[in-house]
Amino acid sequence: MPPIQPGQRVAVLADSQNLYHSAQSVYSQNIDYSSLLDKAVQGRQLTRAIAYVIRAQAEDEDSFFDALRDIGFETKIKDIKTFGDGSKKADWDVGMSLDAVSLADHVDTVVLCTGDGDFSRLCHHLRHEGVRVEVMAFDESTADELVEAADAFVDLSEREETFLL
Numbered sequence: 001m002p003p004i005q006p007g008q009r010v011a012v013l014a015d016s017q018n019l020y021h022s023a024q025s026v027y028s029q030n031i032d033y034s035s036l037l038d039k040a041v042q043g044r045q046l047t048r049a050i051a052y053v054i055r056a057q058a059e060d061e062d063s064f065f066d067a068l069r070d071i072g073f074e075t076k077i078k079d080i081k082t083f084g085d086g087s088k089k090a091d092w093d094v095g096m097s098l099d100a101v102s103l104a105d106h107v108d109t110v111v112l113c114t115g116d117g118d119f120s121r122l123c124h125h126l127r128h129e130g131v132r133v134e135v136m137a138f139d140e141s142t143a144d145e146l147v148e149a150a151d152a153f154v155d156l157s158e159r160e161e162t163f164l165l
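Yeah, the sequence shown ends on 165 if you go by full-length UniProt numbering, and it's all consecutive.
Just so you know, these hints were derived from the structure itself, not from any lab. Certain hints may be false.
[Unchecked claim] Pairs of lysine-lysine, DSBU-like flavour, derived with a Cα cap of 35 Å:
no. : residue 1 : residue 2
1   : LYS39     : LYS78
2   : LYS81     : LYS39
3   : LYS76     : LYS39
4   : LYS89     : LYS76
5   : LYS78     : LYS89
[As the list claims (entries may be wrong)] Pairwise CB distance ranges, derived in the manner of DEER restraints:
no. : residue 1 : residue 2 : range
6   : GLN29     : GLY130    : 31 to 41 Å
7   : GLN5      : ASP85     : 27 to 37 Å
8   : LYS81     : ILE4      : 18 to 28 Å
9   : SER34     : ILE4      : 13 to 23 Å
10  : HIS106    : SER25     : 19 to 29 Å
11  : TYR20     : GLY130    : 29 to 39 Å
Don't be surprised by glycine CBs; every beta carbon is placed ideally from N, CA and C.
Based on the sequences and whatever the hints tell you, model everything.
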């Protein structure tokens, strides 16, 4: 796969739930999405930046969604589902994957901001289509198969002062 070039078109897809839970469980801090986007783009041509978020009726979540948009992310919001037994579920795996596949013809690089190993198959598919795949996540909570499937891995843990608030 080609190295990073200034003319490359890049899409950044951020799995906000995965990033949030990783940052909280390992560091008890939040993600600096502005720094995350800057590092993901690295001077290339940004085609799309999408943050996949869950509406959980939490305090300040609307201001968080607004802040993501101000930074430059398009937000895709899904409501959390509560089942009869009280369990809750919400994830964007299928939505992120469909967007990545749809964008593949329009970008040179897809940056997946997640540590979820479920995306390793997506990485293989995108690379087969000629798209460079970069993963940005915390090494402590990133699946080995995802790192191995990507062209490049940026360990957010190596620069906590940059990527955490």
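Which numbered conditions among the earlier hints are violated in the structure presented, ordered from lowest to highest?
-> Failing hints, ascending: 7, 8, 10.
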